[in-house]
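K.L.:
Residue numbers (this note's numbering), protein chains in the order written: chain X, -14 to 380; chain Z, -14 to 380.
Do not take every clue at face value.
The list treats identical chains as interchangeable, and a pair is accepted whether it falls inside one copy or across any two copies.
Said to hold, decoys possible - In silico lysine-lysine, PhoX-like type, Cα no more than 20 Å apart, as pairs:
| no. | residue 1 | residue 2 |
| --- | --- | --- |
| 1 | K65 | K11 |
| 2 | K31 | K156 |
| 3 | K158 | K31 |
| 4 | K179 | K65 |
| 5 | K294 | K365 |
| 6 | K262 | K179 |
FYI, nobody ran anything at the bench for these hints, they're computed from the structure.
All figures in this text were calculated on a predicted structure; none of them were measured in a lab.
2 protein chains.
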Amino acid sequence: MSQNKSLYDQRGVSAHKEEVLSATEKLDKGLFPFAFCKLYPDYLCKDDAFVNVMHADGAGTKSILAYLYWKETGDISVWKGIAQDAIVMNLDDLLCVGIFTDIVFNSTIDRNKHLIPGSVLNTIINGSQSIFDMLHSYGVEIHYLGGETADVGDVVRTVAVNGTMTARWPKKKVITNEKIQPGDVIVGLASYGKANYENEYNSGIGSNGLTSARHDAIEKSYANQYPESFDPGLNDDVVYIGKNRLTDNPLEAENHFENLGKMLLSPTRTYAPVIMKMLQNHFEDIHGLIHCSGGGQTKCLKYLPGNMKVVKDNLFNPPPVFQLLQKNSNSSNREMFEVFNMGCRLEIYCPESSASGFISLAQSFGIDAQIIGRVEEDVKKSLEIRFGDEVIVYS
Amino acid sequence: MSQNKSLYDQRGVSAHKEEVLSATEKLDKGLFPFAFCKLYPDYLCKDDAFVNVMHADGAGTKSILAYLYWKETGDISVWKGIAQDAIVMNLDDLLCVGIFTDIVFNSTIDRNKHLIPGSVLNTIINGSQSIFDMLHSYGVEIHYLGGETADVGDVVRTVAVNGTMTARWPKKKVITNEKIQPGDVIVGLASYGKANYENEYNSGIGSNGLTSARHDAIEKSYANQYPESFDPGLNDDVVYIGKNRLTDNPLEAENHFENLGKMLLSPTRTYAPVIMKMLQNHFEDIHGLIHCSGGGQTKCLKYLPGNMKVVKDNLFNPPPVFQLLQKNSNSSNREMFEVFNMGCRLEIYCPESSASGFISLAQSFGIDAQIIGRVEEDVKKSLEIRFGDEVIVYS
Chain X
-14 MSQNKSLYDQ RGVSAHKEEV LSATEKLDKG LFPFAFCKLY PDYLCKDDAF VNVMHADGAG
46 TKSILAYLYW KETGDISVWK GIAQDAIVMN LDDLLCVGIF TDIVFNSTID RNKHLIPGSV
106 LNTIINGSQS IFDMLHSYGV EIHYLGGETA DVGDVVRTVA VNGTMTARWP KKKVITNEKI
166 QPGDVIVGLA SYGKANYENE YNSGIGSNGL TSARHDAIEK SYANQYPESF DPGLNDDVVY
226 IGKNRLTDNP LEAENHFENL GKMLLSPTRT YAPVIMKMLQ NHFEDIHGLI HCSGGGQTKC
286 LKYLPGNMKV VKDNLFNPPP VFQLLQKNSN SSNREMFEVF NMGCRLEIYC PESSASGFIS
346 LAQSFGIDAQ IIGRVEEDVK KSLEIRFGDE VIVYS
Chain Z
-14 MSQNKSLYDQ RGVSAHKEEV LSATEKLDKG LFPFAFCKLY PDYLCKDDAF VNVMHADGAG
46 TKSILAYLYW KETGDISVWK GIAQDAIVMN LDDLLCVGIF TDIVFNSTID RNKHLIPGSV
106 LNTIINGSQS IFDMLHSYGV EIHYLGGETA DVGDVVRTVA VNGTMTARWP KKKVITNEKI
166 QPGDVIVGLA SYGKANYENE YNSGIGSNGL TSARHDAIEK SYANQYPESF DPGLNDDVVY
226 IGKNRLTDNP LEAENHFENL GKMLLSPTRT YAPVIMKMLQ NHFEDIHGLI HCSGGGQTKC
286 LKYLPGNMKV VKDNLFNPPP VFQLLQKNSN SSNREMFEVF NMGCRLEIYC PESSASGFIS
346 LAQSFGIDAQ IIGRVEEDVK KSLEIRFGDE VIVYS
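If we strip away everything but chain X, and leave its shape as in the complex, we get:
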């Protein structure tokens, strides 16, 4: 086990969730074993031609970064970004089974009332509604059906922001990933930049790997100043081992962000407007969809429908945020690709002939896209990332 693997483990996070997989082993796995989300019969309306899905996810430890930044600068608007993270971590997972509208959502916010005042709740909750209003203007209908906010300071140090989405969808319009096959190419959509439905430049960080990012990026003094921002059971060696304050701008001229805090808190982009168009107009050409969330660029390995090799040899140049994090943590490329999206958060598996159409469509929304790799025949499931002169193999 490499030094940084152990760092990750020492911090009590896991990219692969072995214990969770074991705990859920006996549960109903749904209708399509390789689909990105579990899909079930239409229990809600009892129509064989439809499926139901229920999905839960949240902003994870990114809420702690928002807390620190808000405490330091007084800028409460970062909590709207946390609302967006919790929403997009659900929505973009649903996109990967082909669902892009007619979704119901509710939120679960667990807070320490002594540290998180009503004004923060206000920003998160009304921020969620304003994100749904924006999506509505692109034809993505998500209805906010309330939620629960609990004052549980004995459980939660600061705040946990989670959400759940439920949807019902025609069975013949779901993406099951079963069509992924040797010969397919992979169109990757950039996680960074500024889409024409976004108001601000996006760093690409997303909502995964944020425990590592926070501890690796910011300096030790945060540990004394904000003991509520980390587990006191952690070894001091892994707590806030970075070089900067959140208000520093360590990249200077190269950077689109006023400071490190804003770069790390850049809200997770949703691909809903662009994936909706692809699903509506080119459904048959989409062989598979993968959201590079937990597990980063290795996520695809979990959803391959048979023995085959995924080769990614033309990934985007990782945007500055990942370069900075790698510099701070001295992580290997292997580790970086396992934890972070590294600039590409959505993958479309498709015939080579369809790729240019998907790329043009993404570009028409202001999102960079390119063929990042392909699927080859093999006798087992594997992933090969070629990055510079390095060949990294996962299986």
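Given the structure of chain X, go ahead and fit chain Z onto it with the hints provided.
P.N.:
Here is chain Z on its own, set in the frame of chain X:
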């Protein structure tokens, strides 16, 4: 403000959630303002004759009691009780709008991986499925559609166990509470005892007021031994100010439980099997349904459809668990009724002529029931609890 109100406040909990109400003020309140859960148009299937509901709730700080008990005794089975608490806090809320079956559920578990191992996840997740299996045998169909388990030890001290339920229901079969009127009587269902669908005697504690219960019941030594079990920002005066260990049996002969821990961890009873029968056979006679959760016996005040006075003058004698907690905390009766269910966790508002039928039906399930009060005309909304010689008025 009385001494104990301030205790409650100092512990960072709130029975009335003023800040949450303010934060959600601008959101869509749904179709029926007095219904126990927010009900929305049928976004999932677009049928005017149906409504959708999405509900989130959890075991709150009861998970900390399970943690302490499990650490002290090694008895991992208490985590199945936490699964039940998270489920019933959702299900019994849905019962109050008339929904008792065809529900989809998923869970959100946020854990500190260093303290909560896979075996605990296993017990919670598979325990949830076994509760649904039991409910299935009574005609209550809840489908477990997975969920999210996140390793977020920097956010969560031990573990937060939450769940979400989504349902779709005929509009003409929802309970809106709009029929609650002067002249109605209130049939109360006991929160304690042993229903014939339960395997163990129930203390009646439920899942509300557990922050108070834990700190008021157990002794100071827990603070040093388990610093991960409470907010270090709390004043020492309000942390673990009780007299006992969890393995003590402070009530001795009077008690159905082997010790204090088991009594406090007694899983929240669901009323689903009995309320289902009432809704199926006597829908028109049910004017309103109230789950006495957060806010305890004062919960009904939020759902009265007009000016009227609720008089509760024949409540159950509070079971031993509440007597013990009151003795430890020196709380007034006023405070106890505002925080705890005090022996009655579900209220049926109905014409007097229907009451005996509802009471017999509950008793046929082994659940104690009686007319606990009535609704009277008044020029404002108020609640009067008569308890012994005391008259307690809330408005």
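K.L.:
Indicate, hint by hint, whether the structure satisfies it.
P.N.:
So, going through the hints one by one against the coordinates:
1. When the C-alpha separation of K65 and K11 is checked against a cutoff of 20 Å, the pair qualifies only between copies, where the shortest distance is 16 Å, while the shortest distance within a copy is 37 Å.
2. Both within a single protomer and between protomers do K31 and K156 lie at most 20 Å apart by alpha-carbon distance, with minima of 12 Å and 17 Å respectively.
3. For the identical chains of this complex, K158 and K31 are neighbours both inside a copy (17 Å) and across copies (18 Å), given an alpha-carbon limit of 20 Å.
4. For a Cα distance limit of 20 Å, the shortest separation of K179 from K65 inside one copy, 18 Å, qualifies, whereas the shortest one across copies, 47 Å, does not.
5. For a Cα distance limit of 20 Å, the shortest separation of K294 from K365 inside one copy, 7 Å, qualifies, whereas the shortest one across copies, 71 Å, does not.
6. Taking identical chains as interchangeable, the C-alpha atoms of K262 and K179 lie at most 20 Å apart only when both belong to the same chain, with a minimum of 18 Å there against 56 Å between chains.
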